[in-house]
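Participant: Those protein sequences? They're chains X and C, same order as listed. For the first sequence, my numbering assigns the number 1404 to the initial residue and increments by one for each residue that follows. For the second sequence, my numbering assigns the number 64 to the initial residue and increments by one for each residue that follows.
Careful: at least some of the hints might be erroneous.
Claimed, not checked - Cross-link-like lysine-lysine pairs, in silico, DSS-like; alpha carbons within 30 Å at most:
1) C/K99 / C/K146
2) C/K146 / C/K175
3) X/K1455 / C/K175
4) X/K1455 / X/K1567
5) C/K175 / C/K275
6) X/K1455 / C/K146
7) C/K99 / C/K275
8) C/K99 / X/K1567
9) C/K175 / C/K99
10) X/K1567 / C/K146
11) C/K99 / X/K1455
Simulated from the structure, these hints should not be mistaken for lab results.
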Amino acid sequence: MTAAQVPPERDTFRFDRFRPAIHRVETPNYNERIGELLEDWWRRQEQSIFLKLKYGRIDAGLELHRISNLEPDWDSYGAEAPSATAIRASQEVLEELAGALILPSTIVPSAEGGVSIYFMTGDRTVYIENYNQGSQVLVMYDRHGNTEVLEVGRDIVRADIGGKILAYLG
Amino acid sequence: MSWLKNRHYDQAPIKEAIIYIQIEDPSSLTLANFWKSISPPQGYAGPQKVMMGQLRGQFEGGVPTATAKQDQIGYAFVGGEGKHVVQFRVNGFTFSRLAPYLTWEQLRDEAKRLWNSYRQIVGPLPIIRVGLRYVNQLDLPMPMRDLRDFIRLYPEISSDLPQQVGGFFLQVQIPQADLGAMLILNEAMVPPPGPNVASIVLDIDVFSQGLKLESDDEVWNMMETFRLRKNLVFEGCITNNTRELIS
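Chain X extracted, bound-state conformation:
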């Protein structure tokens, strides 16, 4: 190989020197096909309740697993790590809700110590706060500042949570 074939300012072992070649073999049709396949698979999942629940449960399980590995002070403001009790309570409530065909929008660790499970649609949000000590609350609020807080076990039985979420989110 003559010196002229390798630009002197480049590291010969960097892969980005191959990028122009990759661009040349890419075709617009190939990119389009990838897009179509992604969209088709997504549409198929959306159409099937079973697949949507199955993959939704897998995603939720992975998220809970990630949250269960957080260390104390995970937010750098001194938050407690979610306890095994909060994780287990979250798993149970997620299983029950999946049985009622409800999947969460997102699952996050709570700065107050525990796990929050969110359900969102339009301008309304519901979340279930699973505290480290084992208590649970159901919080419903909208963009206009209307908020309702129900303590699970005292104001609402757990079996009614799914119905309440559906009624509120419509």
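With chain X held as given, fit chain C onto it using these hints.
Facilitator: Chain C in isolation, oriented as in the chain X frame:
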């Protein structure tokens, strides 16, 4: 072929059976006035909003990227003790029966009843797409000698490669020229329900599109032929070992 019509497995692996019908885009029907004329079908609760996701995958500067957006396109109602879900969309209808699957006749008759309710809302618009989809999950015992002992549609792994498979996803599209339809088969390994089991989803979708059907009878006649084809495809994908497992 009559055995195909009445073949019944006591432990059928059907996790969901879906009947879907798409109508010509109704120019005068918006979601707002669709909502005004909608009410829960008898025996169903709801509605829940139905969102339509659109995922766009593309390459930008050599990097795969995806963007998603969601719009509301209709309403869903849940019935049959949580085993039936019907979607009334501005441009179509979908009825799902979740496990346990009972019979074709039960599925078809309930779908027909709900379709009639939907028809009253949207009026006599032509039907442009008709489909029947069965999502099966085969839970196969592990350890297994060879996947081919249980299924007859699988990715062929070259003998020059390691044979241990951690996962796969396969899609084949097979035109059904005699029915004027298309068969899309998706097969994938999915997380199993417990240890010592390998789970395979076998998703069979038979549909016809580009139609302009005016009569509902044509739709249900078409569904009958799709159902027979679906049974044939299912039988064509499994082996006697699997038949024993699900009998």
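Participant: Given the hinted pair C/K99 and C/K146, is their alpha-carbon gap at most 30 Å?
Facilitator: holds, 26 Å
Participant: CA of X/K1455 to CA of X/K1567, is that 30 Å or under?
Facilitator: This hinted pair holds, its Cα atoms lying about 21 Å apart.
Participant: Can you confirm whether the C-alpha distance between X/K1455 and C/K146 stays at or below 30 Å?
Facilitator: holds, 14 Å
Participant: CA of C/K99 to CA of X/K1455, is that 30 Å or under?
Facilitator: The hint holds at about 28 Å.
Participant: What's the verdict on C/K175 and C/K275, does the C-alpha distance respect the 30 Å limit or exceed it?
Facilitator: This hinted pair holds, its Cα atoms lying about 19 Å apart.
Participant: Can the restraint linking C/K99 and X/K1567 be considered satisfied, given a maximum Cα separation of 30 Å?
Facilitator: holds, 23 Å
Participant: For C/K175 and C/K99, compute the direct alpha-carbon distance and say whether it is at most 30 Å.
Facilitator: Cα-Cα ~23 Å, so holds.
Participant: Given the proposed pairing of C/K146 with C/K175, does the C-alpha separation stay at or below 30 Å?
Facilitator: Within the cut-off at roughly 17 Å; holds.
Participant: For the pair supplied as a hint, X/K1455 and C/K175, is the alpha-carbon distance within the 30 Å limit?
Facilitator: With a Cα-Cα distance of about 24 Å, the restraint between X/K1455 and C/K175 holds, given a limit of 30 Å.
Participant: With the threshold set at 30 Å, check whether the alpha-carbon distance from C/K99 to C/K275 stays at or below it.
Facilitator: holds, 27 Å
Participant: Below or equal to 30 Å on CA atoms is what counts here, so check X/K1567 against C/K146.
Facilitator: Within the cut-off at roughly 19 Å; holds.
Every hint from the earlier list agrees with this structure, and none is contradicted.
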